[in-house]
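Numbering (the working numbering), first residue to last: 312 to 566.
Think of the hints as simulated: they come from the structure by calculation, not from any bench. Small disclaimer: the values here were computed from a predicted structure and weren't measured. One thing to keep in mind: the hints can contain errors.
[What the hints assert, rightly or not] Here are the computed lysine-lysine pairs in the DSSO-like style, where the Cα-Cα straight-line distance is at most 30 Å: (1) 469 - 422; (2) 447 - 469; (3) 345 - 422; (4) 422 - 447; (5) 469 - 345; (6) 440 - 345.
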Amino acid sequence: MPINRREFLTVTGCVAAEMLLPGAASAGVSGPVKAVGFDGFTVFDPRPITALAEALFPGQGQALAQTWRTRQFEYTWLRTLMGNYADFWQVTSEALEFAARQQQVEMSGEKRDRLLQSFLMLEAWPDAKGALLEMKAVGLRLVFLSNFTAAMLDACVKHAGLDGMFEEHLSTDRVRAFKPDPRAYQMGVTAFGLPREQIAFAAFGGWDAAGAKAFGYPTFWVNRLQAPLENLGMAADAGGTSLQALAAFVLPVSV
């Protein structure tokens, strides 16, 4: 039987993958968690993108994919700071073009299209569907709160067989500001009509976890790649490597 959020936050002797994060405070929820916002990569597995890059460019694909991903998110932050918003599909395309130049890769149109299209055909992590069903079964409202465009999320949801799991997508296109800008996280409060303390946020990146916690969400870091804690002066309330661990964090307290 999964443990509830209160037990999760107070239990000692947790396994390393499911633990309170160093320096994290308790969630401070004024009532039960009623909704959960998800970063896209907590549900969808991005690793096949790197595998495809390596298959297309043997010996260069790993470095290409790493540069692509790094520049992809740097562009979101820089565009938000500059007030020069472009949607995530455009940012992803432009970051790939830069990565090809940086890594001195000859990028044909066909290979470029295959890499970009891979963002529309992401599979769910193996644990995702079961955990999502568990959360929906107790009445939690689920939504993507993501830098992805709504069209990208629609395509991945359909491809992964997760139709009906989520409410209308909260893409940063709505506010024309990428996470971790507070305007992006505010979308959850506006859409759900709930206080932020009753909306849990599931982050894939440590920087996103810090941003959501700074905004005031009870935050869980789904640290699937077991990355180190970011030095941003703010940490998620708890973390784990799966959505099953997230479910334990957000499930209602047993009576």
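Hint by hint, which ones does the structure fall short of? 3, 4
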